Amino acid sequence: MSTDTTRVQIRTSKQLKQQATETLGRMGLDMTGAINMYLQQIVNLQELPFTPTAMDINTQARWEAEHHVGATFSTVGELMKDLNGDD
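If you count the sequence shown from 1, position 82 lands on 87 in the numbering used here, and the numbers rise without skipping.
Careful: at least some of the hints might be erroneous.
Claimed, not checked - Label-pair restraints from in silico Cβ distances:
| id | residue 1 | residue 2 | range |
| --- | --- | --- | --- |
| 1 | K19 | N41 | 20 to 28 Å |
| 2 | V81 | S18 | 28 to 36 Å |
| 3 | N41 | T80 | 47 to 55 Å |
| 4 | S79 | M32 | 48 to 56 Å |
| 5 | P54 | T26 | 15 to 23 Å |
Quick caveat, the hints were computed from the structure, so don't treat them as lab data. Predicted model, so just to flag it, every value in this text is computed and none were measured. The beta-carbon is built from N, C-alpha and C at its ideal position, and this holds for glycine as well.
All chains, please: the whole structure from these sequences, using the hints.
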């Protein structure tokens with residue numbers, strides 16, 4: 006491997022990092038090796054090595070709830086006004 010390397014930093018959850026590290030370890034890989042394999046596949050294929058797909062409605066709703074997407078209301082009255090479309 007070349008000694009001409011650079012650092013790549015990402016942000017991810019502690020849980021995902023731990024799960025990925027454990028899974029990769031069972032495959033005899035570490036995070037650096039796996040990410041380098043991923044990047045090399047992108048270069049080789051000139052595309053992602055998987056096909057991203059849209060989330061189904063349940064997955065989308067769960068994601069939105071987990072990431073606090075959407076309107077919030079201080080009172081039931083505010084919620085009802087929004088639901089009824091009152092301006």
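A quick look at each hint next to the structure:
About 22 Å separates the C-beta atoms of K19 and N41, a value consistent with the hinted range of 20 to 28 Å. Between V81 and S18 the beta carbon distance is about 33 Å. The supplied range of 28 to 36 Å therefore holds. Checked against the given bound of 47 to 55 Å, the beta carbons of N41 and T80, roughly 53 Å apart, stay inside it. With their beta carbons about 50 Å apart, S79 and M32 fall inside the hinted range of 48 to 56 Å.
One distance hint, 15 to 23 Å for the beta-carbon pair P54 and T26, holds here, with the actual separation near 20 Å.
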